[in-house]
Amino acid sequence: MKITEKKALRRESIIQTALQLFSLKGFHKTTIPDIAEKLQMSVGNLYNYFSSKDILAKEIIKYTSEVLGNEIRAVNMLDISSEEKIKKIVELYFRMAEEKPERIEYFLRVYLANREVFKDGCEGMMCVSGFITEIMIFFDDGVSSGELRNQDFFSAFGLFMGYLGGMVFLKGEEMLPKDIGQYTDDISRNIYAALKA
Amino acid sequence: MTSQTSYKPKLLWLQSITCNGNTHSFLNHPDLASILSHFDLVYHPVLETPFNIEEVARGELDCDILILEGSFRKEGFTRGRVEVSKIVETYAKKVEHIISAGTCATFGGIFKEYDPEHISGFCFDAEERTERYEIYASKLISLPGCPIHPRWLSYVLMMLVKGNPIPIDELHRPQELYGITVHTGCTRNEYFEWKIDSKGFGLKEGCLFYEQGCQGPYTRGSCNKILWNDTSSKTIVGTPCFGCTEPSFPKTALFSTKTNMGIPATMPLGVPRRAYLTATGIAKSFRIKRFEERIITYDN
Amino acid sequence: MIIRELIEKIEGEAELDFTFNEGKIEDVRISFAFYRGMEEILVGKDARDALVITPRVCGICNHAHLIAAVEAIENGYENAGLKVELSSKAKAIREFTLSCELMQNHMTWFYMTILPQFEKLIGEASGENHALKASYFSSTITKALSIFAGQWPHSSYAVPGGVTCDPTYVDVMQAENLVDESIRFYEEMVIGIPLDKYLEIDSNAFLYDLDGDLARVLHLMSMNEMSDMGQSHDRFIAFGESSLFKAGKSMKTRVYEVDSNYVKESIQKSTVAKAVTYKHKLYEVGPLARAMVSKEPMVKHLHKRYKDSILTRVFARVHEVALLLTRSKELLKNLRLDEPSCSLDKELMIDDFEGVGVVEAARGSLIHKTTVKEGLISKYEIIVPTQWNLSHGDDNENGIAIEAMVGASSTEEATFIFRTFDVCSVCTTQ
Chain A
2 MKITEKKALR RESIIQTALQ LFSLKGFHKT TIPDIAEKLQ MSVGNLYNYF
52 SSKDILAKEI IKYTSEVLGN EIRAVNMLDI SSEEKIKKIV ELYFRMAEEK
102 PERIEYFLRV YLANREVFKD GCEGMMCVSG FITEIMIFFD DGVSSGELRN
152 QDFFSAFGLF MGYLGGMVFL KGEEMLPKDI GQYTDDISRN IYAALKA
Chain B
68 MTSQTSYKPK LLWLQSITCN GNTHSFLNHP DLASILSHFD LVYHPVLETP
118 FNIEEVARGE LDCDILILEG SFRKEGFTRG RVEVSKIVET YAKKVEHIIS
168 AGTCATFGGI FKEYDPEHIS GFCFDAEERT ERYEIYASKL ISLPGCPIHP
218 RWLSYVLMML VKGNPIPIDE LHRPQELYGI TVHTGCTRNE YFEWKIDSKG
268 FGLKEGCLFY EQGCQGPYTR GSCNKILWND TSSKTIVGTP CFGCTEPSFP
318 KTALFSTKTN MGIPATMPLG VPRRAYLTAT GIAKSFRIKR FEERIITYDN
Chain C
106 MIIRELIEKI EGEAELDFTF NEGKIEDVRI SFAFYRGMEE ILVGKDARDA
156 LVITPRVCGI CNHAHLIAAV EAIENGYENA GLKVELSSKA KAIREFTLSC
206 ELMQNHMTWF YMTILPQFEK LIGEASGENH ALKASYFSST ITKALSIFAG
256 QWPHSSYAVP GGVTCDPTYV DVMQAENLVD ESIRFYEEMV IGIPLDKYLE
306 IDSNAFLYDL DGDLARVLHL MSMNEMSDMG QSHDRFIAFG ESSLFKAGKS
356 MKTRVYEVDS NYVKESIQKS TVAKAVTYKH KLYEVGPLAR AMVSKEPMVK
406 HLHKRYKDSI LTRVFARVHE VALLLTRSKE LLKNLRLDEP SCSLDKELMI
456 DDFEGVGVVE AARGSLIHKT TVKEGLISKY EIIVPTQWNL SHGDDNENGI
506 AIEAMVGASS TEEATFIFRT FDVCSVCTTQ
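Residue numbers (my numbering), protein chains in the order written: chain A, 2 to 198; chain B, 68 to 367; chain C, 106 to 535.
It is worth saying that the hints were derived from the structure and are not from the lab.
Do not take every clue at face value.
Claimed, not checked - Pairwise CB distance ranges (calculated): (1) A:Glu148 x C:Lys438: 37 to 43 Å; (2) B:Pro183 x C:Arg410: 37 to 43 Å; (3) B:Arg125 x C:Phe311: 48 to 54 Å; (4) A:Gln17 x B:Ile233: 40 to 46 Å; (5) C:Asp285 x B:Asn256: 28 to 34 Å; (6) C:Asp316 x B:Met226: 41 to 47 Å; (7) A:Gly147 x B:Gln242: 25 to 31 Å; (8) A:Ile81 x B:Ile355: 39 to 45 Å.
All figures in this text were calculated on a predicted structure; none of them were measured in a lab.
By construction, the Cβ of each residue, glycine as well, lies at the ideal position given by its N, Cα and C atoms.
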């Protein structure tokens with residue numbers, strides 16, 4: 002395996018581990034030495050990859066955004082209706098909430114809740130652009146094909162993402178009686194009913 | 068090669084269904100005399116020429132370069148009492164070079180809309196090739212524009228005089244003129260880069276692409292490089308580009324940008340949507356104070 | 106005996122049938138064979154698209170169409186209950202750019218059409234390349250126009266509420282220099298004396314003593330006994346108002362008010378051109394009409410002696426350039442750059458309205474009427490100046506241009522008289 006590939010994998014495993022620890026112990030209580038210890042690497046070596054906790058924090062949000070963005074992009078590329086795409090996006094979002102809850106937890110409880118950490122270097126939508134771009138493409142396709150109603154981007158975005166984020170938040174608070182995946186049908190139908198032309 | 072001793076190509080300017088805009092634009096060329104000195108002007112719609120339109124219509128005149136203005140129909144439009152389609156076929160066969168001056172002659176333009184089935188450009192019907200394309204493609208130079216800029220025509224004419232080959236694209240438009248977009252060189256470029264809308268009409272600040280319907284970023288043309296009347300351009304004075312050099316001219320609702328949930332429906336030429344949206348997302352994340360202010364404040 | 110001739114180089118062509126009786130022309134039929142369907146093309150389009158489409162009626166007077174189109178929309182908004190207040194800056198800029206086009210049109214007509222044709226008619230070639238003079242003046246004055254409007258031909262810089270440009274003093278100074286250069290040209294080539302001295306002239310005699318191409322033409326007309334040729338009904342009308350032009354009608358020399366509601370178009374036999382009347386009567390439009398309505402002194406002096414002959418008509422058109430040059434300088438000098446360029450909210454949408462825009466184009470009054478339903482044009486009517494001058498008339502009375510040609514002793518003479526009306530074929534066949 003080439004050095005660059007090894008480094009990339011290393012980088013990713015640091016991010017995964019950090020995500021898990023932030024999820025378990027909380028963002029402020031988790032330190033760089035904690036993460037280094039979990040990975041059995043030296044703190045100095047970890048600083049080679051991420052020179053501060055704040056930089057690590059920003060890289061994590063870019064990473065999770067890319068990952069989520071790539072999954073949505075795969076849906077966008079399918080030759081199916083917007084209605085079916087909504088269902089697939091809801092599915093993949095809820096699947097991530099089930100299988101890798103620390104990612105969405107991080108977004109809700111670290112990124113949104115600690116603006117002072119992110120305000121320099123993650124202005125506006127800069128660090129979540131991987132994900133935002135794919136949502137824009139989903140909307141653009143839907144409106145130009147006539148399936149979705151043309152409206153202000155933020156109204157539509159708030160409806161879609163606010164709804165999904167809210168459901169995941171409730172799951173995190175252990176307030177949902179059913180598994181989150183079982184809400185997929187109803188939620189997809191509600192979103193489509195609200196956005197369709 | 069002096070213009071006195073060498074052969075002067077014979078130029079024939081033939082009009083079909085037109086408003087005469089290209090004729091009057093060309094007559095405004097600051098170096099008109101110098102350009103015309105290289106040619107033997109056989110016929111022109113305004114300037115004094117040795118032959119009149121009826122003599123032209125008989126089809127017997129010698130000519131080397133045919134300049135066409137206006138859109139065409141098979142029958143139902145005459146010049147000099149002869150169907151234009153007949154006159155143009157006669158001369159198109161004789162000449163070495165055919166220049167379709169203006170969007171009407173090139174693609175059909177505005178006048179095509181009166182009878183889209185039967186009216187088209189000379190070799191193109193919007194972007195489809197007409198039957199004439201096969202026959203005349205080797206002679207054809209397309210100069211779409213509504214109207215043409217006089218310097219586009221003088222460029223072609225002088226290149227022909229010098230015997231230089233003119234690099235053209237698949238619609239026969241010279242790449243020197245149409246290889247860039249109208250967006251290139253616009254004074255509002257910084258506002259485009261940082262996604263600052265113009266707040267309505269009448270302001271020198273702001274980009275007209277997001278809301279005011281400017282088609283500059285995806286319209287081929289050199290209007291902001293070779294300035295209009297050597298002075299200005301539409302976008303410089305706050306008027307959106309209407310895409311008049313393209314086969315699709317005129318589109319509809321020309322003063323507002325078509326958007327899908329705020330995203331421009333048409334991307335800048337050749338720019339993939341994802342690239343545009345990503346760049347936009349980043350640009351919009353920052354607020355650059357200078358771009359939100361008026362450039363000049365006058366004390367009352 | 107009827108002789109049919111194809112007249113060209115009138116912004117297109119027209120067929121004229123001359124009826125001769127005992128060596129003199131007794132009647133003329135003017136016909137245009139094709140029209141391009143602009144009014145139909147506009148139906149179904151967004152209301153503001155008229156600002157882009159209507160200039161394409163005509164390659165030489167496109168700016169006049171733009172101003173008429175935007176005023177029609179603004180009038181429509183007012184009729185629908187919205188007050189449209191243009192800043193004095195926007196009004197002045199619109200008037201300035203329109204004046205530039207009028208001047209361009211008049212000088213182009215004078216040097217590219219009238220002088221060459223006149224010299225041919227009287228067999229006196231000056232050997233000068235008059236077309237180049239026109240081209241020089243035209244490219245200079247249209248530069249000034251494009252500083253505000255972006256380009257000429259085919260600008261669309263006037264939008265409901267004002268203009269799209271936001272000029273600076275740098276721009277205004279550049280325009281002033283170009284107007285000064287145009288004045289210098291006019292002084293050297295056309296009148297032969299300084300402009301302010303020219304505008305002080307108040308007698309015919311002084312006029313003939315000038316150097317320059319204008320005096321030369323007047324002089325040659327006199328010497329060839331053409332000064333009284335081409336007289337018509339001596340009846341004039343103008344509808345467009347500006348800081349220079351007044352609306353009104355002049356019958357012989359008495360001036361009355363007018364109301365554009367009484368303008369009526371009607372279909373004519375054997376031509377696609379429609380006739381236009383005001384209260385069922387025919388009138389001449391154009392610079393001579395404007396001068397008679399506003400009682401321009403020098404034109405009135407010539408009119409007193411020659412009535413509405415080709416001499417007065419040609420003089421009025423060339424003289425109007427002097428007035429426009431002076432007015433243009435004033436407009437630029439008094440421009441208030443701190444005022445807003447466009448005073449209508451961009452979010453504003455009025456979807457149903459009917460409005461009329463009237464301007465003085467180079468050749469006379471131009472009227473646009475737009476009817477908009479649900480944001481789209483349901484009907485658009487354009488009445489152009491040439492329609493007025495070329496209307497056939499009826500059994501009682503010949504049309505204006507026809508009456509002017511009656512009595513001519515050759516088709517060459519009649520054709521020249523015809524050209525003094527600055528006929529625009531493309532406008533007439535829109």
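Checked hints:
1. Here the CB-CB span from A:Glu148 to C:Lys438 is close to 58 Å, at odds with the stated 37 to 43 Å.
2. For B:Pro183 and C:Arg410, the hinted distance range of 37 to 43 Å is not satisfied, since their beta carbons lie about 55 Å from each other.
3. One distance hint, 48 to 54 Å for the beta-carbon pair B:Arg125 and C:Phe311, holds here, with the actual separation near 50 Å.
4. At about 59 Å, the beta-carbon gap between A:Gln17 and B:Ile233 misses the expected band of 40 to 46 Å.
5. Between C:Asp285 and B:Asn256 the C-beta distance comes to about 33 Å, which sits within the given range of 28 to 34 Å.
6. Separation of C:Asp316 from B:Met226 is about 42 Å and conforms to the stated range, judged on CB atoms against 41 to 47 Å.
7. Taking 25 to 31 Å as the suggested C-beta distance range, the pair A:Gly147 and B:Gln242 does not conform, at roughly 37 Å.
8. For the pair A:Ile81 and B:Ile355, the beta carbons lie near 40 Å from each other, so the given range of 39 to 45 Å is met.
Violated hints, in rising order: 1, 2, 4 and 7; the structure is consistent with all others.
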